[in-house]
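J.: Chain by chain, the residues:
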Amino acid sequence: MTVRAGLRGAALVAALTDLVGKDKVIGTREDLLIYEYDGAVDTATPDAVVLPNDTADVAKLSRFCHQHDVPIVPRGAGTGLSGGAIPVEGGVVVSFARMARILEIDAPNMRAVVQPGLVNLHLSTAVAPHGLYFVPDPSSQKACTLGGNVAENSGGPHTLAYGVTTNHVTGLEIVLSDGSVVRLGGKAIEYEGYDLIGAFVGSEGTLGIVTEITVRLTPLPEDKRTILAAFSTIDGASETVSAIIGAGIVPSAIELMDQLATEAVEAAVGAGYPLDAGGILLMEVDGLRDGLDEAAARIEAICRANGATTLRRAATTLERDRLWAGRKGAFAAMGRLAPAYYVQDGVIPRTRLPDVLRTVREVAQRHGVRIANVFHAGDGNLHPLILFANESELEGVKQAGLEILEACVAAGGSITGEHGVGMEKNCFMPLQFTAEDLATMGRVKAAFDPAGLANPGKIFPTPGRCREFQLAARR
Amino acid sequence: MSVAAAERIRPPDAAACARAVADSAAASRSLRIRGGGTKDYLGELLPADAVLDTTALAGVIAHVPADLTVTVAAGTRFTDLRAALAGAGQFLPLDPPHAEGATIGGIVAANSTGFWRARYGGVRDLLIGTTAVLGDGTIARSGGRVVKNVAGYDLNKLFVGSLGTLGVLVECTFKVLPRPPVSAGAHAHFARIGEAFAAADAIVRTSARAAALAISGGPGGDWELLVQADGDAAPVERTLELLSRAASAHGAGAQRHEGVPAVLATLNGISGRAEGTVVRSALPLAAQTAFATSAVRLEGFTQLVADAASGIVRVMLRGEDVVVQGGCDALLAAARVCGGSARIERRSDSLRARLPAWGDAEPAGRFLMRRLKESFDPRGILEPGRSAVG
Chain A
5 MTVRAGLRGA
15 ALVAALTDLV
25 GKDKVIGTRE
35 DLLIYEYDGA
45 VDTATPDAVV
55 LPNDTADVAK
65 LSRFCHQHDV
75 PIVPRGAGTG
85 LSGGAIPVEG
95 GVVVSFARMA
105 RILEIDAPNM
115 RAVVQPGLVN
125 LHLSTAVAPH
135 GLYFVPDPSS
145 QKACTLGGNV
155 AENSGGPHTL
165 AYGVTTNHVT
175 GLEIVLSDGS
185 VVRLGGKAIE
195 YEGYDLIGAF
205 VGSEGTLGIV
215 TEITVRLTPL
225 PEDKRTILAA
235 FSTIDGASET
245 VSAIIGAGIV
255 PSAIELMDQL
265 ATEAVEAAVG
275 AGYPLDAGGI
285 LLMEVDGLRD
295 GLDEAAARIE
305 AICRANGATT
315 LRRAATTLER
325 DRLWAGRKGA
335 FAAMGRLAPA
345 YYVQDGVIPR
355 TRLPDVLRTV
365 REVAQRHGVR
375 IANVFHAGDG
385 NLHPLILFAN
395 ESELEGVKQA
405 GLEILEACVA
415 AGGSITGEHG
425 VGMEKNCFMP
435 LQFTAEDLAT
445 MGRVKAAFDP
455 AGLANPGKIF
465 PTPGRCREFQ
475 LAARR
Chain B
-13 MSVAAAERIR
-3 PPDAAACARA
7 VADSAAASRS
17 LRIRGGGTKD
27 YLGELLPADA
37 VLDTTALAGV
47 IAHVPADLTV
57 TVAAGTRFTD
67 LRAALAGAGQ
77 FLPLDPPHAE
87 GATIGGIVAA
97 NSTGFWRARY
107 GGVRDLLIGT
117 TAVLGDGTIA
127 RSGGRVVKNV
137 AGYDLNKLFV
147 GSLGTLGVLV
157 ECTFKVLPRP
167 PVSAGAHAHF
177 ARIGEAFAAA
187 DAIVRTSARA
197 AALAISGGPG
207 GDWELLVQAD
217 GDAAPVERTL
227 ELLSRAASAH
237 GAGAQRHEGV
247 PAVLATLNGI
257 SGRAEGTVVR
267 SALPLAAQTA
277 FATSAVRLEG
287 FTQLVADAAS
297 GIVRVMLRGE
307 DVVVQGGCDA
317 LLAAARVCGG
327 SARIERRSDS
337 LRARLPAWGD
347 AEPAGRFLMR
357 RLKESFDPRG
367 ILEPGRSAVG
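Quick note, the sequences are listed as chains A and B, same order. Numbering of the first sequence is given in our numbering, commencing with residue 5 and proceeding in unit increments. Numbering of the second sequence is given in our numbering, commencing with residue -13 and proceeding in unit increments.
Okay, chain A solo, but in the shape it has when bound:
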């Protein structure tokens, strides 16, 4: 862990209170504990939490932190799954709980301007009367915030056809770690000069803090068809995914769930998934209503040809919502199986699904752990949930996760599809990138954050924490 000489602890809390006022600072030990974790498994306690009201507060805070060598870590709802909001080097966590407004719904231009603390689902709900929605729909969308979505470049089930967060952001206001405020882009689809928005989205708070977001809104589909297909084995389900895409069909979503995950979901949500299936596919086609039945029938025919044991098409909105509630509630449902889980987020080329899923099973056996699979099969984005009961198992569980990621990279894939690198996988970046690749990313980091105060200890391997991993890799 890097040790910085800057202001910390009680002195920092006192100085921040002077700077922004008592009502915007959290600094007592018991209050700070709430901010030491997010949706992942790593923890670290901040020295202080600041709750800004506006961009000016964030700029003032950043300038102060810059002067006093204090790391600054933005936080939305804390649902992140890679430790992105964890202040690994201490310092200030900036909570966006009070910057959660929709500033403008611009229906004629199909844009909305929002603050980073706004909850993802609240945006789609607010713009629905205009016949519009915000496409990225992470499973945590009832809680996660747009600022977090921008930081992590979040996806979700429906990004298969319509893209992830970066494809739906046209403007940003950011505050750099020296306190300067930069407005990028706007309501048009592109602007002259380099695509800094493209570089910033997915940068996990390491290039600066986003304080305002202009998003693209999309016309709501006129209609949808949602299909559930059950297979006796998980291989049957994953081979069907390749068969559907191979047949030239790109649904708006293809989700896969294995038997263990189904068991948990049924116990928690009662979505009506068959419990005896080895693998379940949840698929959707949407758009104009014309031709949707035919498209659904083609998908069902392929499922049948690949040995589907159950096929069900949601007949009502209620039925569709129930099917999706099972998928979206899957992570939370894991509590039915074990007290804790560690979720991985590897991506593989879609055609490699069956063999990499076999590797996941082998890893589970080797480590004597149970692994449930719930994931975006159409994108090849795996989410193995490694179940465990207590802290003492965590090292073994993490090792199992690493072996899965190694298999993903070996298959030509990535160590993360939508959860981010954070402090969870920064040591693993050399699996996927050369030293030159990482140094090039380092040039981008240095251009935005020369002082290195913006969410330090994330994305890039750190000498302290990653030494052990590097030794292991060399063996």
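Just so you know, not all the hints are guaranteed correct.
Claimed, not checked - As a list, the in silico DSSO-like pairs of lysine-lysine whose alpha-carbon atoms are at most 30 angstroms apart:
#1 A:449 to A:28
#2 B:161 to A:449
#3 A:228 to A:64
#4 A:64 to A:402
#5 B:161 to A:228
#6 A:228 to A:146
No lab work stands behind these hints: they were computed from the structure.
Fit chain B to the known structure of chain A by using the hints.
T.: Frame of chain A, contents of chain B only:
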């Protein structure tokens, strides 16, 4: 353009390209990066000491059809990639100008798009991996060969539209799609430009996701709205019905038009034609009508071509230099007032000195762009001065 006079380097692979760039950096020898050579009109073309010809970096490197991705060497001609993908019933859903001569690297570096962007995404949305040689000879990869990937910064986006100023692309990976079972076209003619935009907007606001909604016209006051619909037969039919309905709401009739792809290709070439000056603007969708209405009243107005679904409006002006210059200034200002941006995409040699490609407004965040430029290309040898960043 003194392209022929300069020294020419034609590296056969990424390693040779990296050596050539590193040698050039050591010698402070500036480089023009050149593929098919179809876009010499773009940006500020300052003299360069040598031409780095990318056309030997050619060929499809990896294509597993069921993965819906393709990795291709950057000097590959777009038409060659198109043919290779067609063999598997797939396509890269980009309709760049100069499709016949352009290379993949040039299309990415120039952010070349046509009318398909709203449906299929632009270069930035389809490009998922790059290998590039930076200005100091470093070979840097970003992204990968999978469709979802958030490992590390998305440097791919920085290269899109950078006009070669940040690095020489040597390899690109894209998302590809199965070719639609049906593609059909129709058009309608309107007496007023506002009606054409209103009819297009009515379709944009549905979930039809038309493949193209293009508007074109000249000083004659006849505005044509062209629609291309891709997909299964039933939604394609319905999309063309939506056009009929939108047209009749504005007193026009719509007809089927077999030749829509050919017309779109011609319209897309507006910037490549030698005879005029073209301003390209990217506007908020609802600002297009007002912008276009004032554009067509300008002295020297010759043609307007809009991708109405994405807000990209190109305007051609012709006439005396002083007239064209005044018109360009007005269009650049109007685009900014509307909350959009604009550039002079093409102008005659006589206007080059007086009419800077990027106007006089700096892009927002230019100081960050400059830092990136200086860091990726420390000796400033890659396409000096060509982009809005320098």
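J.: Hint by hint, note whether the structure agrees.
T.: Hint check results:
no. : hint           : result
1   : A:449 to A:28  : 29 angstroms, holds
2   : B:161 to A:449 : 27 angstroms, holds
3   : A:228 to A:64  : 47 angstroms, violated
4   : A:64 to A:402  : 39 angstroms, violated
5   : B:161 to A:228 : 24 angstroms, holds
6   : A:228 to A:146 : 21 angstroms, holds
Violated hints, in rising order: 3, 4; the structure is consistent with all others.
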